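Novice: Residues per chain, in single letters:
There are 2 protein chains.
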Amino acid sequence: MLTRLSSATKEVLIGDGGPTVLIGERINPTGKKKLAAALLAGEMDIVRREAIAQVEAGADVLDVNVGVAGLDQVQALPVALKTVMDVVDVPISIDSNNPEALDAALKLYKGKPLINSITGEEKVMASLLPLVKEYGTAFIALTMDDDGIPTDVDRRVAIAHKLVNRAVQMGIPQEDVVVDCLVMTVATDHVAGATTQEAIRRVREELGQNITAGVSNVSFGLPDREIINSVFLALLIGAGVNCPIVDVAKVRPLVLAADLLLGRDEYSARYVKAFRERQKALEAQAAQAAQAT
Amino acid sequence: MLTRLSSATKEVLIGDGGPTVLIGERINPTGKKKLAAALLAGEMDIVRREAIAQVEAGADVLDVNVGVAGLDQVQALPVALKTVMDVVDVPISIDSNNPEALDAALKLYKGKPLINSITGEEKVMASLLPLVKEYGTAFIALTMDDDGIPTDVDRRVAIAHKLVNRAVQMGIPQEDVVVDCLVMTVATDHVAGATTQEAIRRVREELGQNITAGVSNVSFGLPDREIINSVFLALLIGAGVNCPIVDVAKVRPLVLAADLLLGRDEYSARYVKAFRERQKALEAQAAQAAQAT
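Note that the protein sequences, when read in sequence, are chains A and B. Plus 27 on top of the position in the first sequence (first one is 1) and you've got the working numbering. Plus 27 on top of the position in the second sequence (first one is 1) and you've got the working numbering.
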């Protein structure tokens, strides 16, 4: 199953054994005070800088989220979106559940974006799926519904089925539903990681959907989170995640290694190319540092 | 399926959702000149030191290999084995395919060891399986046979079936067969990593055996091997490996994270305990360094 996203000039394909697609997570004010303040002030410098930096680091898609308390998303989301579209050419994951803000953003978006995200809650589906249909976008289906986030695999998989069925009934192509099986912390529920992996495997098997995931929630409340997050990302890719939402600069070497180890990198070409680029960047840094002293 | 190994005083259980069992790989002269020279000279200091260090680092089982060109294994293997048994109390993986050396080693071993390894080659099965039966050991079944190492999943799985069937026919309990699906480098065959993972999944599904693996071959000939090996170990554990042969000090944090993320660590107890121990060790080092200056 192949999910196609696009910008005005660039197409990104997710799935069918292709390489893992990296969705850059950093244009999101959650936990980022400077970005939140800038967005409130209507300043787009950080957004612009993050967009460029993430694409340089290898992001295939950028997530854009302007969710700050007190900010009018209907006004701010299109501005942020346009800022990003002006400086990079990758497709965008428009990260909002505000129908008016999404509508305003979709009006100016050029290409086929991803909407992040739509839950299985009746009201949410009713207000957002028509936008997916109208603008011909893809969307991320979150496996939670009016009863919250299920702790068990069966119910998460059932919600994925429900969202896919509802979309297809409305005439949205099945491949435009990218599923997120949700990641909860293992600190309070020691099978949380296993539950997510099992749900992913089942959704891949039963529906064939492409799968996204955020990773870092899993280690909330635990020490040495970096290693937990890295190992979890590897496990999730092994289980079937093929377009994670990540800090691209941090995880790209790991993801390229995973693609290599899953048979998605003929002649190790992408892995070796990225290694050489990292080497060159390090050498350039060292040369600069030497000059500076 | 539970595989029980033991020393004179300690039992180790592999499988049934229990934590990953770490088999320490460092008592093996392949590529280690100092250890090779020491073994040739009959000196056991390095063996002793490595045994203690690996168990301190968290090894559950130690692999003991004395394969050096020109060394009489029949004499050397029992000596090395006794050396290890004298200083640590973990079960041992006796790493040899020399029947006389194994027989001499098994005569003095106290407990139930693992024999590493027995291939599907007719001559090898005929000479080594009787030792497994006679001494009641477990063994590692290597998925290669008289035609070499198959490049395809089906034939590797078929060899695993053959070795399990042959063992069971001889009265060896099925759970005493630990399967190694073999790891080849992705540099020359870009699906090599995927092949191993798929073979592991199939052996787990069709036979239920516990699974071991060495990891580092996969990155042979490639740059930045460390990250490839780490990601591969995570992927292999996700696929079903539950007693890898590893450099324990290097990989234990990763493996504890994997266990945590696969639901095998209630209350994150093992992960947090190991983290605290690492912190204490680092603090002790820092204190020593401060005193030294």
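None of these hints come from the bench; they were simulated from the model. All values derive from a computational prediction rather than experimental measurement. We put the beta carbon where it would ideally sit given N, CA and C, even for glycine. Some hints here could point you the wrong way.
[To be verified] Quick list of in silico lysine-lysine cross-link-like pairs, DSS-like style, CA-CA up to 30 Å:
id: 1; chain 1: B; residue 1: K59; chain 2: A; residue 2: K277
id: 2; chain 1: A; residue 1: K277; chain 2: B; residue 2: K139
id: 3; chain 1: A; residue 1: K307; chain 2: A; residue 2: K37
id: 4; chain 1: A; residue 1: K277; chain 2: A; residue 2: K189
id: 5; chain 1: B; residue 1: K277; chain 2: B; residue 2: K37
id: 6; chain 1: B; residue 1: K150; chain 2: A; residue 2: K277
id: 7; chain 1: A; residue 1: K300; chain 2: A; residue 2: K139
id: 8; chain 1: A; residue 1: K307; chain 2: B; residue 2: K277
id: 9; chain 1: A; residue 1: K300; chain 2: A; residue 2: K61
id: 10; chain 1: A; residue 1: K109; chain 2: A; residue 2: K137
id: 11; chain 1: A; residue 1: K134; chain 2: A; residue 2: K37
id: 12; chain 1: A; residue 1: K300; chain 2: B; residue 2: K277
id: 13; chain 1: B; residue 1: K189; chain 2: B; residue 2: K109
id: 14; chain 1: B; residue 1: K137; chain 2: B; residue 2: K59
id: 15; chain 1: B; residue 1: K150; chain 2: B; residue 2: K160
[What the hints assert, rightly or not] Covered stretches of chain A, going by a simulated chain B footprint (3 or more residues, C-beta under 8 Å):
id: 16; region: 72 to 85
id: 17; region: 255 to 264
id: 18; region: 288 to 302
Novice: With reference to the structure, classify each hint as holding or not holding.
Specialist: Hint check:
Simply put, B/K59 and A/K277 have alpha-carbon atoms about 34 Å apart, too far for the 30 Å limit, and the pair is violated. In summary, the hint linking A/K277 to B/K139 is not supported, as the alpha carbons are separated by about 45 Å, beyond the 30 Å threshold. The straight-line distance between the Cα atoms of A/K307 and A/K37 is roughly 27 Å, inside the 30 Å bound, and the hint therefore holds. A C-alpha spacing of about 34 Å is found between A/K277 and A/K189, which places the hinted pair above 30 Å, so the restraint is violated.
In summary, the hint linking B/K277 to B/K37 is supported, as the alpha carbons are separated by about 24 Å, within the 30 Å threshold. Distance restraint check for B/K150 and A/K277: the Cα-Cα separation of roughly 50 Å exceeds the 30 Å cut-off, and the hinted pair is therefore not satisfied. Of the pairs offered as hints, the one joining A/K300 and A/K139 holds, with about 29 Å between alpha carbons and a cut-off of 30 Å not exceeded. Proximity of A/K307 to B/K277 is assessed by CA-CA distance (about 27 Å); at most 30 Å being required, the pair is judged to hold.
Distance hint between A/K300 and A/K61 is unfulfilled; the C-alpha atoms sit about 34 Å from each other, more than 30 Å. Distance check on the hinted pair: A/K109 and A/K137 sit about 10 Å apart at the alpha-carbon level, within 30 Å; holds. Of the pairs offered as hints, the one joining A/K134 and A/K37 holds, with about 19 Å between alpha carbons and a cut-off of 30 Å not exceeded. Taken as a hint, the A/K300 and B/K277 pair is honoured in the structure, with Cα atoms around 27 Å apart against an allowance of 30 Å.
Straight-line distance between C-alpha atoms of B/K189 and B/K109 comes to about 33 Å, which puts the hinted pair past the 30 Å bound. For a cut-off of 30 Å, the pair hint linking B/K137 to B/K59 stands: about 28 Å separates their Cα positions. For the hint linking B/K150 to B/K160, the alpha-carbon distance of about 16 Å falls within 30 Å, and the restraint holds. Closer than 8 Å: that is the beta-carbon criterion, and the region 72 to 85 of chain A has 0 residues meeting it against chain B, so the requirement of 3 is violated.
Under a criterion of three residues with beta carbons nearer than 8 Å to beta carbons of chain B, the stated coverage of the region 255 to 264 of chain A is upheld, 7 such residues being counted. A stretch counts as covered by a chain when three or more of its residues have a beta carbon under 8 Å from one of that chain; for the region 288 to 302 of chain A and chain B the count is 10, and the coverage holds.
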